[in-house]
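Chemist: Sequence:
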Amino acid sequence: MRRTRAASRWRRARRPTSTGSRAGSRSPASSPSTPLTATRQRSSPVGALEGSSILFITAHEFEDVEVLYPLLRFSEEGAAITITYPPKDIPGHFSPRSYAPDKPITGRFGTTIPFVVLEEGKRWRQAPTSEIDIAAFDAVFLPGGFGPDAVRLHTPSRRLVAEAHRAGKVVASICHGPQVMISTDLHEGTDLVRGRRCTAYAAVQDDLKNAGGIFVDEPAVVDGNVVTGRVPDDLPEFCKATIELIAQRVRAAATA
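Going by UniProt numbering, the first residue of the sequence shown is number 1, and it counts up by one from there.
What the hints contain is simulated information worked out from the structure, not anything from laboratory work.
Please note that the accuracy of each hint is not assured.
Straight line, CA to CA, 27 Å or less: simulated DSSO-like cross-link-like pairs of lysine-lysine [unchecked claim]: (1) Lys209 <-> Lys240; (2) Lys122 <-> Lys103; (3) Lys209 <-> Lys122; (4) Lys103 <-> Lys88.
Please put together the full structure from these sequences, using the hints given.
Modeler: Listed below in structure tokens is the structure:
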């Protein structure tokens with residue numbers, strides 16, 4: 001009898017209320033008819049980089065997310081992406097992970113270039129460093145990881161960065177990427193770091209200071225035509241700042 005009465009009370013508790021609502025029913029906010037993206041706002045206007053071109057300079061053992069995230073964000077805004085990289089057998093450079101001569105350059109976590117899931121020719125293309133004409137680009141981007149160790153030793157890559165900077169193009173780098181700017185200042189006589197506010201991965205902080213930079217512990221820092229970012233977690237802020245600066249300079253050039 002006790003069990004019967006308990007079951008009866010449980011059934012009454014589950015009956016619809018007098019207002020017609022049911023326990024566990026969907027609220028209007030979670031209704032399938034309500035678009036989940038209705039209140040989302042983009043960090044920058046659609047097509048902010050339409051018509052622009054960005055050169056990625058990276059190398060074997062790059063930080064995977066620092067290549068993939070900016071590639072998708074910049075191309076989403078309309079930029080044409082070209083990726084170039086030095087050979088894997090640069091004299092004086094030791095790769096932390098062995099490689100075969102015919103193996104594609106590979107990120108720290110296994111992403112290869114060419115990419116397995118991103119079709120070449122749609123959002124990006126690759127080209128040898130020797131074929132790059134920096135005049136065709138609006139910006140240069142230097143991802144981090146261990147790749148900058150090789151890029152900074154590659155004279156043709158440093159010269160491309162120096163040419164871009166002297167032409168007033170945007171030079172952006174994140175994490176260990178500023179190491180390339182440090183070596184470019186030293187060997188090519190630029191001022192990418194010297195006298196500028198900049199940020200980077202914590203292990204690069206002393207290098208920036210020794211190179212004459214003013215280290216700022218912020219997600220993204222803009223000083224003139226140079227954008228620097230701190231770590232992978234700061235990619236949203238870094239990409240937003242980079243997109244805004246490139247778009248601003250492209251608009252200014254178009255109206256000049």
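Chemist: Next step is simple, just say for each hint if it's right about the structure.
Modeler: Status of each hint after checking the structure:
no.: 1; hint: Lys209 <-> Lys240; in the structure: holds (25 Å)
no.: 2; hint: Lys122 <-> Lys103; in the structure: holds (23 Å)
no.: 3; hint: Lys209 <-> Lys122; in the structure: violated (40 Å)
no.: 4; hint: Lys103 <-> Lys88; in the structure: holds (10 Å)
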